[in-house]
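Model the full assembly from the supplied sequences, consistent with the hints where possible.
Residue 22 is where the sequence shown starts when you use the working numbering, and the numbers rise one by one after that.
Hints are supplied without guarantee of correctness; some may be wrong.
[As the list claims (entries may be wrong)] Capping the alpha-carbon separation at 27 angstroms, the derived lysine-lysine pairs in DSS-like fashion look like this:
hint: 1; residue 1: K31; residue 2: K93
hint: 2; residue 1: K303; residue 2: K357
hint: 3; residue 1: K357; residue 2: K236
hint: 4; residue 1: K30; residue 2: K93
[Unchecked claim] Ranges of calculated distance between the beta carbons of each label pair, as one might list FRET restraints:
hint: 5; residue 1: S434; residue 2: P116; range: 22 to 28 angstroms
hint: 6; residue 1: N143; residue 2: L304; range: 32 to 38 angstroms
hint: 7; residue 1: N360; residue 2: L304; range: 16 to 22 angstroms
hint: 8; residue 1: L437; residue 2: S147; range: 44 to 50 angstroms
hint: 9; residue 1: E348; residue 2: I199; range: 25 to 31 angstroms
hint: 10; residue 1: L27; residue 2: H361; range: 36 to 42 angstroms
Because the hints were derived from the structure by calculation, they are not lab data.
Quick reminder that beta carbons are idealized off the backbone N, C-alpha and C, glycines included.
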Amino acid sequence: MKLILLRDKKVFFLFIQLALISFGLGIARLLLPFQIVYLGGEEYLVSVTSVLYSIGQISGIILLSHICERRKSEFVVTTLLWILSLLTLSIPFLPIFLMGRFFEGLGYGLLLVGILNYADRNYEDSKGEVVGSVFGSIFFGGAIGQGLAGFLEESIGNLFQSTIFSAFQILMLAGITISFVSLLIAFMNFEQDKKFKIFKMERISLPHLHWKNIKTILGFTPFTLLFLIYAFYDFSHGIYTPNLALVLASNNLTKTQISIVYFTGDAVLGLSQIMTGRLVDKLGSWIPMFLSLSIKGLAVLFYDLFYLWTLVLMLFVIVGIGESLVEPARNIAILKIENHFDEGLLDSYSEHSHRHLNISFSKGQGFTFGAHSHVHEHTPDRESIISWLQLTSIISYGLGGFIGSIILTIGGSAELLIYIGSIILLLGSLIALFGRL
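Okay, here's the thing in structure tokens:
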């Protein structure tokens with residue numbers, strides 16, 4: 022059977038839409054630290070952008086997703102927000118420039134929920150393939166953008182030598198131009214049904230998890246260990262990755278070389294995941310997580326010690342292999358934990374009835390007031406466990422950026438942040454080892 026990407030036009034165009042706009046965001050992501058310094062900002066502001074990105078993500082998930090889901094406009098609004106992000110980044114005024122990452126996070130948070138809703142609404146039998154294809158497009162476009170960023174900036178700078186716009190601004194404007202193609206595709210795929218629909222009474226499901234279950238869940242050792250792994254892994258990313266490009270540049274790597282290094286690492290990560298999922302099926306979750314965090318922690322430790330870009334490239338290859346293990350391992354661990362919490366363990370079922378006052382209108386009778394009773398059934402929602410861990414991931418990343426900015430403000434170096442990030446990853450690997458034991 023053909024891939025859904027090839028047999029379904031909507032998924033194909035959605036892939037193209039998100040890949041195109043992610044290309045511009047990938048360029049911005051790599052060059053952003055250098056542009057902050059160019060505009061007169063300090064290194065700690067690079068870490069602050071991670072905090073803004075996380076705040077945007079949480080806002081997108083909690084606030085925007087509920088508003089946009091009603092009109093099924095998640096992809097249109099996400100595209101507009103990402104265009105706004107690129108537009109903000111093209112303005113050479115630091116306070117406005119920094120908000121570009123907030124808008125990127127806002128769009129990504131909305132997109133996280135939007136992709137799941139879209140697959141759930143339209144693809145009952147192919148949800149996983151649709152979600153994987155769409156997320157793959159974001160990774161694909163961003164990786165190519167990062168891979169070409171240094172080369173394009175250097176080439177444009179030499180070609181135009183513009184005094185009105187910097188090479189970075191020209192790239193952002195080019196990204197915006199390409200993104201309008203994404204916006205056009207988004208409107209073409211817009212699902213909103215503009216016809217009036219009559220509301221029919223039916224069974225309504227409102228998934229939730231009662232507070233009394235939290236103690237039970239936290240008392241389950243595998244969940245607690247997985248929670249800590251999420252926190253350590255993403256805190257480490259938040260504390261050292263924002264300034265990593267600046268550290269590599271200080272070690273005499275050119276922007277073009279840094280772009281190649283980043284792209285190679287991402288490519289290895291993407292290709293390796295094809296095989297690492299099978300490894301997780303054979304070994305379970307905890308050994309791959311231990312290997313992932315320990316391999317990555319040791320490799321990150323040497324980021325600041327290698328001055329030859331080919332050696333740095335090898336480190337990124339090793340890190341890519343390590344990272345490819347953690348995602349399938351964490352996801353499988355979540356599924357096993359959710360299956361463990363059956364209704365016998367998380368028994369929060371209850372029901373109650375109450376009266377609702379209502380007002381109605383009909384021809385010949387005008388407005389009529391009345392009342393009716395119905396029953397509310399409360400059942401446990403095991404799937405909310407993954408929401409907790411996703412939120413932990415986002416908050417930990419933002420907290421890492423916040424702590425990193427404080428360390429830089431009080432005189433610490435970006436190199437120090439790399440060592441801290443490495444140590445945290447190694448501690449996380451020990452937690453995974455306890456999970457195996």
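Original post:
Failing hints, ascending?
Top reply: Violated hints: none at all, because every hint is consistent with the structure.
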